[in-house]
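Following the hints, put chains B and C in place on chain A, whose structure we already have.
Sequence order for the protein chains is A, B and C. For the first sequence, the residue numbers in the working numbering are 1 to 230. For the second sequence, the residue numbers in the working numbering are 1001 to 1261. For the third sequence, the residue numbers in the working numbering are 2001 to 2229.
Among the clues, some could well be false.
[As the list claims (entries may be wrong)] To be clear about the criterion: a stretch of chain B counts as covered by chain C if any three or more of its residues have a C-beta under 8 angstroms from a C-beta of chain C, and this derived list gives those stretches:
{"no.": "1", "stretch": "1033-1042"}
{"no.": "2", "stretch": "1045-1055"}
{"no.": "3", "stretch": "1064-1075"}
{"no.": "4", "stretch": "1080-1094"}
{"no.": "5", "stretch": "1166-1179"}
{"no.": "6", "stretch": "1186-1199"}
I should point out that these hints are in silico values taken from the structure, not numbers from a laboratory. All residues carry an ideal CB built from backbone N, CA and C; glycine is no exception.
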Amino acid sequence: MNWDAIQSGLPGYLDGAWLTLQLLGASLSIGLIAALPLALLRASANPWARQPVWAFTYVIRGTPMLVQLFLIYYGLAQFSAVRESALWPWLSEAWFCAVLAFGLNTCAYTVEIFAGCITATPRGEIEAARALGLSRAQLHRRILLPSALRRALPAYSNEVIMMLHGTSLASIVTLLDLTGAAREVNSRFYAPFEAFLTAAVFYLALTFLLVGLFHLAERRFLTHLRPRMT
Amino acid sequence: MQRFRILLLAPLVMLATIALSAAAQDRKLRIGVEGAYPPFSQVGADGKVAGFDIDIAHALCAELKARCTLVTQEFDGMIPSLIARKFDAVIASMSITEERKKAVDFTDKYYQSPNRMIAKVGVFADATPATLKGKRIGVQRTTIHDRFATDTFKDGTIVRYAKQSEVFLDLAAGRIDAALMDAVPADTGFLKKPAGKGFGFVGAAFNDPKYFGHGAGIAVRKGDTLREELNRALANIRGNGTYKKIQDKYFEFDIYGAVVK
Amino acid sequence: MLADYLPSLFEGTLITLSVAGASLTIAAALGLLGAAAKLSRSRALRTAANLYTTVIRGVPDLVLMLLIFYGGQVALNWAAQRLGHEDYIDINPFVAGVATIGFIFGAYLTETFRGALMAIPPGQREAGLAFGMSPARVLIRITLPQMIRLALPGFTNNWLVLVKSTAIVSVIGLSDMMQRAGFAAGATQQPFTFYLAAAGLYLAITTVSLLALNALNRRYSAGVRWAHA
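Only chain A is shown next, with the shape it has when bound in the complex:
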């Protein structure tokens, strides 16, 4: 074990972990906000509302995130129209491209998770709400969404972990996230084993942290669904 390599790379790993968390936070926020309305459309009975959203999630989920990231980062820059547009100051930032690709991805998966939970809402809950005279908007806001989102929590926690791992691709477009920090250490000390093992330990710690947080959230929001003691 080359401890020197790990030790001198440590500040890089810490900065990298911070960037990883920023990328994760930003893309999850974008994905979550966009996924809510899209999930309602996806679960709608109207095919004109449902099918475009289905096509979006199908294409995103059917292609590797690495390809999407390359398309956004290197691909878009191929067109001078893009390079001269008002969006270029944003698109020229590797950070923005990564968040955009990751956000689109998590959005597509989250839409499917939410839509699944919305369609699986027990009929009785909806009938009860109608019987109480709730309007369509009230039904969505008070009954359908809170109920569905709570039930989505376990699947969504998996999605968050997958995204944490997905952010490692940021290192391929010049960003110095956790994996990027490991590649720097590897290239400076030619110690791939130490470099990537350290990154793996960091990721494992972050994964456990997130899993722990979701367990707490599940205990808070899903108490009513736990098996009852008899």
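Chains B and C only, in chain A's frame:
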């Protein structure tokens, strides 16, 4: 749990068959090459890797009467892969530097080319740290250019890429202001192509031997006798005209001790 | 431009498919081993299997790939030398990539298979034994067919993720579809064209897989009465 014990057996047999890969018998050499560094090494439309490095590799293998397999690998993985015995030699335009000599051995140089900064024509008067202060400078990760730029342009931002071609893409896109690289690939791989229009060399060539070493050599593992064999083979192809033939295919000048205008 | 590189891209597609297929074989083998270990009575086996699935699923594929690719070779050389092997064992990038992806997805398939095995009512195996079937016959006639049916939805998902994960073997030097697209993008300076073509090819693989696995699912689920039918 009888059923699970049986369940254990079948996969074990499958794994054992897959894991058994034949050990080397006669003289076989695996050479690490890059594939994204024209004109030295690039993958053509047919999916095959070709270029100056590749032709040199084949010529040396013919001298050594060895059967060679070329393995493409990104540059930052070359030395780790060599040490991990993923291949036996690296022919990837790797400069002979003191720092790398701590990890691997090198043969004599097989070519030499100057190192230059490239940028949009007319933007920078020279390539000094003062001029490039606050600018984004692209380099290929772990190259001599990476090491030199990291230590020299401390007031700029060094952006590191896995492939030289990615540096070109981002230079053309305007994500980086300048890029430091070998003059030969810069010229043939970018400046002479449509994407490189409006770009040119800036400032004089860099040649601090501490960073840039003494030309490109073939890297082998420390203490490997392959080094002497390769040196003899190199001298042979230099002497018998094979080297000249390969050189003339790619360059109009003497690449062995090249000075590019 | 694109037309010149299409044969190369298709060749890369074949490599992608063979990497995915071979990795799936290893992953399925490891998945069965893992599931059997997790359900076994031996505490050591259970702990080992849990460690395997937790660590693999807690670390990004890319990091594991780089770690196993380099670290695995070092470990193998060391082991070979200890066993008195003068020469080293030759692993080409294909074998390394397949072993790595197989090892990673073995952890995911362990969970899929374990869930499916647990969903088979124990009474069925007991009934088989009571009929005088040997344990091996119970496994082949009763346990495995049902496990396949119950594992298919999870398996479909694992396969789709696995195919997409093969895109990162290009980072360790395998000449797959993604590496071909990358080299072509660099050589022609037209990244959009080539990455879009790669995306289209991956989408085609996904679509064909889904159609085939859904058909298989219907075949294996024949005779199952759905609760809400």
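Hint check:
1. Residues of the stretch 1033-1042 of chain B lying with their CB closer than 8 angstroms to a CB of chain C number 4, which satisfies the three-residue condition for coverage.
2. Only residues whose C-beta sits within less than 8 angstroms of a C-beta in chain C count toward coverage, and the stretch 1045-1055 of chain B has 3 of them, enough to reach three; the restraint holds.
3. Under the rule that three or more residues need a Cβ within less than 8 angstroms of chain C, the assignment of the stretch 1064-1075 of chain B holds, with 5 such residues.
4. Look at the stretch 1080-1094 of chain B against chain C: 5 of its residues bring a Cβ nearer than 8 angstroms to a Cβ of that chain, three or more, so the hint holds.
5. Counting residues of the stretch 1166-1179 of chain B whose beta-carbon sits less than 8 angstroms from any beta-carbon of chain C gives 4, enough to reach three: the coverage restraint holds.
6. With a threshold of 8 angstroms between beta carbons, the proposed coverage of the stretch 1186-1199 of chain B by chain C holds, since 3 of its residues qualify and at least three are required.
Of the numbered hints stated above, none is contradicted by the structure.
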